[in-house]
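With the hints as extra help, turn the sequences into a complete structure.
Those protein sequence lines, which keep their order, are chains A and B. Quick note: the first sequence uses my numbering, first residue 84, plus one each step. Quick note: the second sequence uses my numbering, first residue 84, plus one each step.
Please note that a few of the clues may not be correct.
Here are the computed lysine to any residue pairs in the SDA-like style, where the Cα-Cα straight-line distance is at most 25 Å [said to hold, decoys possible]:
#1 A:LYS142 x A:ARG108
#2 A:LYS142 x B:ALA213
#3 B:LYS142 x B:GLY212
#4 B:LYS142 x A:ALA213
#5 B:LYS142 x B:ARG108
#6 A:LYS142 x A:LEU114
These are calculated hints, taken from the structure and not from any lab test.
Number of protein chains: 2
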Amino acid sequence: MRGNAALAALPMLEPVRHERADAARNRATILSAAERLVGERSAQTVTMDEIACSAGVGKGTLFRHFGDRCGLMRALLDERERSFQEDFIRGPAPLGPGAPARERLVAFGERMLEHIEIQGDLLVAAENGAPGERLRHSVYAAYRAHVTALLRDSGYDGDVGYLADVLLGALVSELVLFQRRELAMSPENLRACWGELVGRLLADTASGKGLR
Amino acid sequence: MRGNAALAALPMLEPVRHERADAARNRATILSAAERLVGERSAQTVTMDEIACSAGVGKGTLFRHFGDRCGLMRALLDERERSFQEDFIRGPAPLGPGAPARERLVAFGERMLEHIEIQGDLLVAAENGAPGERLRHSVYAAYRAHVTALLRDSGYDGDVGYLADVLLGALVSELVLFQRRELAMSPENLRACWGELVGRLLADTASGKGLR
DNA sequence: ACCACAAATGGACCGTAGTCCGCTAACCGT
DNA sequence: ACGGTTAGCGGACTACGGTCCATTTGTGGT
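Here is the structure:
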C-alpha cells in the first residue's frame with residue numbers, strides 16, 4: 084500500500100493541547116483584526132503594533148500566539164492551505180489521486196498559481212522570514228513530499244527530491260509575482276509555461292499511463 | 084555595432100562620476116572592515132553599527148555609500164561577481180563562448196554552485212532584501228539574459244525567459260544551502276543533478292551541435 | 001591663495017520586530 | 001466555594017536597519 088507516504092508526511096499545525104478559553108478568544112480576535120487590516124492595505128505595510136492595538140491586546144500576546152510576523156501571516160493563510168493540501172491528497176482528480184501522476188503534477192502547479200494570484204502579497208509576507216526558514220517549514224516539506232511522490236510515480240528515474248525542489252522553485256510566490264508584475268506575463272501564459280515545463284521534464288518517462 | 088546582446092545587458096555598478104578622494108578612502112575602509120567582520124563571524128550576525136564603528140565612520144556614511152545592508156553585502160561580492168560575469172561572457176570555453184550552448188549552461192551552473200559553496204552566507208545576506216528586490220536587480224537581469232541566450236542558442240523552442248527563471252531558481256543560494264546543509268547533499272551530487280536537469284530539459288533540441 | 005559650493009560626514013533620531021518579566025485571572029482538584 | 005498553580009497577558013524595553021540634517025571638508029575656478 085503506497086500513496087500514503089505523503090499522507091503521513093502532513094504535519095501542519097498541530098492543535099495545541101488544551102488552550103485556555105481567553106487565549107482562544109484572543110487568538111480569534113487577533114486573526115480577524117489582522118485579516119481586516121491586511122484586506123485594507125497591502126500585507127507588507129501592516130505592522131504588528133497596529134494589529135495588536137486594533138485587536139485590543141498587548142503586543143506580547145501576538146508573539147506568544149504566532150511566534151513572529153511570518154507565523155501570523157501563515158496563520159492567516161492556514162485555512163486555505165489546509166484545504167489545498169486536503170485537495171491534493173484526498174480530493175478529486177486530477178488534483179487528487181486517480182489521475183496519472185503527470186496530470187496531477189500539472190494540476191498541482193496550476194492550483195498553486197491560482198493560489199498566488201489570489202493571495203500573492205500575503206504569501207510573500209509569510210515567506211520572507213529568516214533565510215531558509217521557508218524551506219525548513221513543514222508546509223514546504225509537505226509540498227516537497229507530494230511532488231516527490233508524483234515524480235516517482237510518473238517513472239522519473241533521476242533524483243526526484245532535487246527535481247521537486249526545482250519545480251517548487253518555479254512556483255515560489257516571489258518569482259511568480261515578479262513574472263506577473265514586472266515581466267507582465269499573463270496567468271494563462273504562466274499556466275502554459277508550467278504545463279510545458281512539466282511535459283518536457285517527464286517527456287520520455289513511463290508516466291504511469293504511457294501517453295504521448 | 085551589435086552582435087552581443089548579453090554584453091550590452093551587463094549593467095552592474097557603473098563607476099561614479101568623480102568621487103571625492105576622502106569618500107573613496109572611506110569606501111575602501113568600510114569594505115575592508117566589513118570584510119574582516121564577515122570573515123570572523125557569520126555574515127548574518129554582523130550589524131551595520133558594528134561595521135561603521137569598526138571602520139571609524141558614522142553610520143550615515145555606510146548608507147550613503149551602499150544604500151542598504153544588501154548593497155554593502157553585494158559590494159563585498161562585487162569583485163568576484165564581475166570576474167564571473169567576465170568569464171561567462173568573454174572567458175574561455177566551456178563557460179565562455181566557443182562551447183555548445185548546452186555545455187556552457189552546464190558550466191554556468193557548476194560555476195554558480197562553486198560560488199555558493201564559497202560565499203554561501205554572504206550571498207544569502209546579499210539576496211534577502213525587500214521582496215522581489217533580488218529579481219529586479221541588475222545581477223539577476225544579467226544572469227537571466229545570459230541563460231536565456233544560451234537556451235535560445237541551444238534550439239529550445241519554448242519560452243526561454245521562463246525556463247531561465249526556473250533554472251536560476253535551482254541555483255538560488257538559499258535553496259542550495261538548504262540542499263547542502265539540511266538535506267546533506269554533497270557538492271558532487273548537486274553538480275550531477277544540475278547536469279541531469281539541463282540534459283533532460285534540452286534533450287530533444289538541436290542543441291546547436293546536434294549531440295545525442 | 002582664496003573662495004564658493006557641492007559633496008561628504010556623523011550621530012541623533014525614528015519605526016518596527018521581537019524579548020522580558022511582574023502581574024492577572026482562568027482552570028482544576030478538593 | 002475556594003485556593004494554589006500556572007498559562008496567559010501587556011507594555012516597557014532592546015536591537016537593528018534606515019533617515020535626516022546641521023556641520024565640515026575637499027575641489028575646481030579665478
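Cross-check of the supplied hints:
Pair hint LYS142 of chain A plus ARG108 of chain A holds up; C-alpha atoms about 16 Å apart against a cutoff of 25 Å. Our distance criterion of 25 Å between C-alpha atoms is met by LYS142 of chain A and ALA213 of chain B, whose separation comes to about 24 Å. For the given pair, LYS142 of chain B sits about 19 Å from GLY212 of chain B by alpha-carbon distance, which is consistent with the 25 Å threshold. A distance of roughly 24 Å separates the Cα atoms of LYS142 of chain B and ALA213 of chain A; the hinted pair therefore holds under the 25 Å criterion.
As the CA atoms of LYS142 of chain B and ARG108 of chain B are separated by approximately 16 Å, the hinted pair is consistent with the 25 Å bound. Between LYS142 of chain A and LEU114 of chain A the CA atoms are separated by roughly 13 Å; this keeps the pair inside 25 Å, and the hint holds.
Checked against the numbered hints given earlier, this structure breaks none of them.
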